[in-house]
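> Please put together the full structure from these sequences, using the hints given.
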Amino acid sequence: AQTVTQSQPEMSVQEAETVTLSCTYDTSENNYYLFWYKQPPSRQMILVIRQEAYKQQNATENRFSVNFQKAAKSFSLKISDSQLGDTAMYFCAFMTTFQGAQKLVFGQGTRLTINP
Amino acid sequence: NAGVTQTPKFQVLKTGQSMTLQCAQDMNHEYMSWYRQDPGMGLRLIHYSVGAGITDQGEVPNGYNVSRSTTEDFPLRLLSAAPSQTSVYFCASSYGGLAPDEQFFGPGTRLTVL
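Chains G and S, in that order, give the protein sequences.
Note that my numbering has the first sequence beginning at 21, numbered continuously upward.
Note that my numbering has the second sequence beginning at 1169, numbered continuously upward.
Keep in mind that the hints were calculated from the coordinates and are not lab data.
Glycine included, C-beta positions come from ideal geometry on N, C-alpha and C.
Treat the hints loosely; a few may be bogus.
[What the hints assert, rightly or not] Result set (EDC-like, lysine to aspartate or glutamate): computed pairs, CA atoms no more than 16 angstroms apart in a straight line:
1. Lys75(G) <-> Glu37(G)
2. Lys123(G) <-> Asp1269(S)
3. Lys123(G) <-> Glu1198(S)
4. Lys98(G) <-> Glu1227(S)
5. Lys123(G) <-> Asp1194(S)
6. Lys93(G) <-> Glu72(G)
7. Lys98(G) <-> Glu37(G)
8. Lys75(G) <-> Glu1227(S)
9. Lys98(G) <-> Glu81(G)
[To be verified] The following residues of chain G were derived to be distant from chain S, with all beta-carbon distances above 12 angstroms:
10. Thr47
11. Asn50
12. Arg83
13. Ser100
14. Thr107
15. Gln128
As structure tokens, this is what we get:
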């Protein structure tokens, strides 16, 4: 079974700083996908960024980028120039696909607070 | 498009009562799923469906029942509510298939069982 571990329950940084959230996972699969989701106080789950395991290039979406280390099974999220609106819970998630099923396995989450 | 909708937003039940959480999507997605979110934990998969008439169990299926008679709807039934089922429930949908794509989540239902 796959597991996802986020070792930082809470983090806090000042606005405009850069912050990195950690995520490690365990799997015997070779073909899989990784995601970071954001959950603001509204409770809505919002996709931040995704990475296919077969791609060596790290994914980037504006101020968000990942450091994907497949051999180490590590998938960290870097937020540059952090903004107050980035305050949220962040979840790392792992997905495999099988016969149409796309099951997500989530980590425990990191509560990120951006201070003015 | 309304996306993924869930009703109700909040619900309080007494132990032993039954109820159905509704989920609907208008994006013609084949894949739909239910997750629960407990404090200090990430979302955990309860049940999922790869298309109308096809459902299967996820990680924590006990105490829940699902059916999928249409592409649009995927209700979750609590047969006899227990305090351990107090949680926030999320429904999600995606196109499905071999290539993973973004799963769209509903706004969630906060359920309290007394």
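> Hint by hint, where does the structure go against what was stated? Just the numbers, ascending.
1, 4, 5, 8 and 15
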